[in-house]
Structures are given as C-alpha cells and as structure tokens.
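Listed below, chain by chain, are the residues.
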Amino acid sequence: MKKIIGLCLILAVILMSCGPGKIEEYSKSIFAMDTILEFRIYGNKNAKKALDKAIERVKEIEDRMSATKEDSDVAKINENAGKQPVKVHDDTFYVIKKALEYGKLTEGDFDITIRPLVELWDILSDKPRIPDAEEIEEKLALVDYRKVKLDEENKTVFLEEEGMGIDLGAIAKGYAGDEVTRILKEAGVKSALINLGGNVIVIGRKPDGSLWRIGIQDPRSEETGKSHIGVLEVEDVTIVSSGDYERYMVDIYEKTGVRYHHIFDPKTGSPARSGLMACTIVASSSTDADALSTSLFIKGKDEGFKLIEELGQAEAIAITEDKEIYMTEGLENMFEQYGESYKLSH
Amino acid sequence: MKLKIGDILVYIFILILIGFSILGLQWLGETTEDRRLIVEVDGEIVKSIDLDEIELPQDIRIEAGDGGYNILRIARDGAKVIEANCPDQVCVRSARIVVPGQTIVCLPHRLIIRIEGGGEDGGNIDSIAS
Amino acid sequence: MNKIKKMVLIALLISQALVLHYIEGFFPVLLPGVKLGLANIITLITIVLFGFKEAIAVVVIRSVLGPILGGNPTSILYSLSGGILSSLIMSLLYFKYRRYFSLIGISTAGAVFHNIGQLLVASWVFGTISILYTYLPVLMIAAAVAGYFIGLASHYVLRFLNVHIIKPSMKKKAKKG
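Residue numbers (my numbering), protein chains in the order written: chain Z, 94 to 439; chain P, 44 to 173; chain H, 81 to 257.
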C-alpha cells in the first residue's frame with residue numbers, strides 16, 4: 094500500500110511540475126502607433142515572452158504602415174505615386190488588399206487614398222485649418238481606391254496618379270490587433286485584455302471565469318460626466334469604436350458647435366456627417382472591425398447597419414446626434430446601459 | 044437515516060462560512076469605493092492621489108523628463124491639465140476627467156492621467172472601447 | 081482479507097470512481113465549480129471499508145487519472161487539493177467522532193472542504209483572494225445539497241455491500257487496517 098501511495102504522489106508531482114505553471118498577470122503599457130497600447134495578459138512565463146514578441150510585432154507593423162514614418166512601406170508608396178510600383182512587405186500588401194476590398198464593399202465610403210485630404214485639413218496637428226471648397230475639390234480628384242494597383246506576384250503597390258497617397262490609419266491598428274491576438278494565442282494565452290488606443294481585444298474570459306466588461310465610450314463625456322454609455326459583457330472578441338470625439342478642432346467647436354473631426358467622407362472631402370456621433374463594431378477579426386467601424390461612421394446608421402447585416406460577421410452600436418442608441422440584434426442581450434443621457438432605441 | 048448532532052453542526056458551519064464570505068464581499072466593495080487619480084510617466088506611476096482627501100482645488104506640476112512638464116489642476120471631483128510645454132497641446136485641450144475610467148493623455152510627454160476605482164454600478168468595467 | 085483481494089477491491093473502487101467522474105461530465109453545469117461530486121461516494125465507501133490511507137490512494141489516483149482521461153490535465157491540481165482535503169476531514173470525522181456524525185454529516189463536511197480546497201488553489205493560482213469571497217456562498221450551498229445526497233447514497237451502497245458482498249468478519253478486519 095505504501096508503495097502505491099508513494100508512486101501516486103511521485104506521479105502527481107511530476108504531472109504538476111510539467112503542467113501549465115503558475116498563472117500570473119503581466120501588464121504593460123507602451124506608446125506606439127501615435128497612441129497608448131495597453132496589455133493585460135494572464136499566463137505562465139511563456140505568456141510573458143509572447144507579450145514581448147507581440148509588442149515587437151506591433152512596432153514592426155507601425156514601421157511598415159505608418160504614413161508619417163520615413164522609410165515605411167506606405168511612405169515609399171506615396172512618394173512614388175504616379176512614378177513606379179513599390180515592392181512592399183507581405184503584411185502591408187495584405188492590409189492594402191483588405192482595405193481595397195472594403196473600398197469595394199462600401200462603394201468607396203471606406204477609402205485609403207484619403208491621404209491628400211488628411212494632409213490638407215491636418216486635423217491631427219497643432220495647426221488644423223478649414224480649407225476652402227476649391228482646395229477640397231482639387232484634392233478630391235486624387236481620392237479613388239480603384240487607382241491603387243496591386244501586383245499579386247511581385248507584391249508591389251502602385252498609385253496611378255502623382256499626388257495620390259494612402260493612409261492605413263483606419264485599418265492598420267486593427268491588423269496589429271489581429272497579429273497580437275495570434276501571437277498570444279499561439280503561446281497558449283487563454284485570458285487577455287488588450288487596448289490598442291481604443292480598439293479593445295479580449296481573449297477568452299477573465300481568469301475568474303467571468304465575462305469581460307467593456308465600456309463603450311460616451312462621445313460627449315465632457316457634457317454628461319460619464320466615461321461610457323454602457324457596458325458590453327463579452328469573451329473572445331474585438332470591440333472597435335469610431336467617433337467625432339477622438340480628435341477634433343476644439344476651438345471651432347466651442348465657438349460654433351460644429352465638430353471638424355478626423356474621419357473624412359471621401360465623397361465630400363470633409364469630416365463625415367452622417368448623423369452619428371459615434372459607432373462601435375463587435376467582431377472576431379480586429380482588421381474587419383476597424384474597417385467596418387470607419388465605414389459605418391461614414392455611411393450612417395441605416396445604410397451602415399444594412400451593410401453589416403448583409404456581411405453577417407459583425408454586430409454594431411450606433412449613437413446618433415439625437416442622442417439615441419441603436420444596436421444590431423445580436424448585442425441586445427450583452428449590452429447594459431449606463432447613465433441616462435442617451436435613449437435606447439430599437 | 045437519522046441526522047445526528049454533528050450533522051447539524053456541519054450545516055451551522057456552512058451558514059457561518061456563507062455569512063463571513065458575504066461580509067468579505069461587502070468589505071471588498073467598500074475598498075473599491077474611493078477614487079484615485081493616477082499619473083503615469085513612461086509607464087511608471089509617479090503620483091497616486093486619493094481624490095476624496097483633497098480639500099481645496101490645487102495645482103500640481105509633473106516633470107515628464109527632458110524639461111517637459113504638465114501642470115494639473117486637481118479637485119475633489121476631477122482633474123484637468125491647465126498648462127504644458129508639449130508641442131501638440133492635446134492634453135491641455137482634453138476635457139476634464141471626472142469618473143473612473145477616464146483618461147487624459149499627453150503623447151509627447153508619455154504621460155497618462157487617469158481616475159481609478161469607484162463602486163458605482165456600471166462603473167465596474169475592465170476597459171473602454173473608444 | 082488477503083493482499084490480492086484488497087488490491088483487486090481497491091482497483092475496482094478506483095475504476096468505479098473514474099466511471100462516476102466520467103458520467104458526471106454529462107451533467108449540465110449549473111454554475112462554474114458547482115458539481116455533485118459523485119466520485120465522493122467511492123471516497124466515503126473506501127474510508128468506511130478500508131481506512132484513511134486507502135482512501136487517499138483512491139482519491140489521488142482518481143484525481144490524476146480522471147482529468148487526464150477527460151482530456152483536461154490542468155484540473156488535476158484542483159481535483160487533488162479538493163480530494164485530499166476532503167478525505168482528510170471525512171476520515172477524521174469518521175474515525176474519531178463517528179458517535180456524533182451520520183454519513184450525511186461526514187459527506188457534507190467532506191464536500192465543504194472539497195470546495196474550500198479547490199478555492200484555495202484557485203486563489204493561489206490567480207493570485208487574488210476575491211475569488212474566495214465571490215464563489216464561497218454559492219459553493220457552500222451546493223456542498224450542503226451535494227453532501228446530503230452523497231451521504232445518503234453512500235449509506236445505501238454500504239448497507240447493500242454489508243448485507244450481500246462483504247461478510248461481517250471481513251469488514252471488521254478491514255476497518256482495523
């Protein structure tokens with residue numbers, strides 16, 4: 094009998110020691126991609142290594158896809174617009190291809206060739222300005238996603254006209270999110286919360302087995318005094334929001350009440366006015382969620398929801414300028430409203 | 044089968060344990076009630092202030108390294124950046140933060156100001172999608 | 081009882097514990113961590129028929145093999161901690177204070193400490209004590225119900241075994257060991 098017990102105990106100890114090891118929380122916040130990236134992951138030592146690897150990967154993506162970094166794939170493509178095709182990394186190629194697909198899906202509402210307008214308005218800088226109609230007209234002529242030519246074999250990208258430029262700001266962060274998720278999951282991380290400058294990704298559930306509670310940004314928090322309009326209880330998804338509250342010309346807003354924000358409508362050349370203050374996409378792919386949230390914000394509630402329902406792989410929340418909250422059916426059971434400044438509509 | 048005295052004791056023991064854990068839960072709830080203002084520079088917490096203990100509004104200066112600074116005006120009900128020597132001035136133009144979860148960020152100075160804590164219902168969240 | 085017979089009986093008990101563990105996998109999970117713990121019937125029977133050491137052996141082997149066969153080796157730690165703690169308590173009550181406790185009381189106490197053991201490991205693994213407070217009330221109520229049922233079931237199984245399988249003389253001898 095003693096032998097049996099001894100054997101069992103030895104077996105148990107061996108099994109425990111080669112098991113998953115102690116689960117710990119690793120958190121890190123870094124500044125990259127012009128924003129803060131926050132990571133909170135639960136796992137063993139492997140997970141910590143994976144986190145460092147994931148952060149490296151994010152920086153690599155930034156170096157390749159930033160429009161402002163010298164030597165990035167995107168900067169090279171823009172410099173060579175109208176001149177010659179540029180060979181790019183596989184991931185840049187993939188993201189541009191994906192973005193062009195969304196251009197097609199949204200009939201041009203999602204358009205990465207928006208760069209000339211971004212530069213014209215310069216909302217993200219310290220000296221933004223409202224350009225006149227003529228200037229906008231002139232730059233609008235350069236905006237057309239169909240003039241981006243991809244060569245699948247040589248992995249080259251070519252912008253057909255001089256002066257054209259692409260900006261992956263509306264999709265690169267989403268792609269980075271998918272890559273981070275892939276790296277962490279490959280390392281066996283079962284539970285993590287990642288916030289890439291507002292794009293939230295959750296892996297699994299919280300370590301205690303409960304769902305993650307993710308707040309949806311209140312687009313007018315300075316008026317309502319609340320940080321979020323409600324909470325989504327979720328597992329294994331990406332939540333991406335877009336809105337007029339992120340970056341806008343504060344001085345002009347305070348004087349006139351008009352928000353000149355950073356999401357441009359490629360059809361008008363001005364900040365999108367579709368009747369939405371903000372919108373949120375919940376999906377499993379972060380790249381899709383990122384592209385869709387920009388598309389929904391530009392298209393507006395009716396058209397945007399129609400597109401999302403047709404695609405059938407994402408759910409959405411829209412907050413209109415009348416302070417009404419709409420959402421697709423799949424979210425109704427997960428959403429819990431917070432505060433009374435907005436009206437929940439169906 | 045008849046229950047014996049010890050069996051009753053086991054059930055009383057269970058009730059006591061339940062009572063204690065409910066007390067524990069309440070105690071946990073109370074400790075998350077107070078709101079703290081957290082200031083981080085480059086990922087490190089440089090200031091952690093209990094907002095409920097502030098009597099009068101006050102200004103504090105945060106050195107962000109390389110001669111960079113941000114001046115915060117903090118009060119019992121929130122905080123705001125009133126002055127900074129960063130190039131983009133985004134933090135100065137950011138709205139005052141009042142509730143847990145809100146943040147002000149100064150990217151050039153790698154500075155994050157946020158409010159933590161709060162036991163309000165719906166306030167208990169892990170992150171905000173913005 | 082000779083050595084071989086004892087070994088065969090213990091092997092039988094272990095395999096029955098594993099089968100019960102497996103069957104329980106088909107039951108719907110009401111809440112995380114809330115289980116009937118059918119395999120504890122076997123633990124209790126082993127304590128009564130053979131003794132403490134044998135019960136520990138059955139629990140350890142069952143706790144290690146069950147999760148492996150079930151394809152979820154990470155839960156070994158939980159099963160072990162709960163199983164060992166509960167057999168300690170049940171043996172203590174059975175061998176020292178049997179006068180004051182029926183099998184129902186003993187198995188309920190076992191269920192309570194089974195859950196406490198698992199929670200202690202969980203709060204150690206996750207490094208937070210709050211799991212303890214959050215889950216304890218639910219798990220204690222579950223333990224009360226499950227313990228009652230397991231105690232009752234063990235009582236009937238033992239009565240059947242005593243009458244039909246194990247001769248009274250053998251039983252006495254086994255208890256001494």
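Hints are computed from structural coordinates only; laboratory data are not their basis. One or more hints might be untrue.
Said to hold, decoys possible - No farther apart than 16 Å at their CA atoms in a straight line, the calculated lysine to aspartate or glutamate pairs in the EDC-like style are these: (1) Z/Lys146 - Z/Glu316; (2) Z/Lys162 - P/Glu83; (3) Z/Lys180 - Z/Asp164; (4) Z/Lys121 - P/Glu83; (5) Z/Lys138 - Z/Glu117; (6) Z/Lys299 - P/Glu87; (7) P/Lys123 - Z/Glu279; (8) Z/Lys121 - P/Glu106; (9) P/Lys90 - P/Glu106; (10) P/Lys123 - Z/Asp164; (11) Z/Lys162 - Z/Glu212; (12) Z/Lys162 - Z/Glu172; (13) Z/Lys138 - Z/Glu316; (14) P/Lys123 - P/Glu83; (15) Z/Lys220 - P/Asp131; (16) Z/Lys121 - P/Asp131.
Verification of the supplied hints:
no.: 1; hint: Z/Lys146 - Z/Glu316; in the structure: 40 Å, violated
no.: 2; hint: Z/Lys162 - P/Glu83; in the structure: 26 Å, violated
no.: 3; hint: Z/Lys180 - Z/Asp164; in the structure: 12 Å, holds
no.: 4; hint: Z/Lys121 - P/Glu83; in the structure: 12 Å, holds
no.: 5; hint: Z/Lys138 - Z/Glu117; in the structure: 8 Å, holds
no.: 6; hint: Z/Lys299 - P/Glu87; in the structure: 25 Å, violated
no.: 7; hint: P/Lys123 - Z/Glu279; in the structure: 41 Å, violated
no.: 8; hint: Z/Lys121 - P/Glu106; in the structure: 21 Å, violated
no.: 9; hint: P/Lys90 - P/Glu106; in the structure: 11 Å, holds
no.: 10; hint: P/Lys123 - Z/Asp164; in the structure: 37 Å, violated
no.: 11; hint: Z/Lys162 - Z/Glu212; in the structure: 14 Å, holds
no.: 12; hint: Z/Lys162 - Z/Glu172; in the structure: 12 Å, holds
no.: 13; hint: Z/Lys138 - Z/Glu316; in the structure: 44 Å, violated
no.: 14; hint: P/Lys123 - P/Glu83; in the structure: 15 Å, holds
no.: 15; hint: Z/Lys220 - P/Asp131; in the structure: 9 Å, holds
no.: 16; hint: Z/Lys121 - P/Asp131; in the structure: 25 Å, violated
Violated hints, in rising order: 1, 2, 6, 7, 8, 10, 13 and 16; the structure is consistent with all others.
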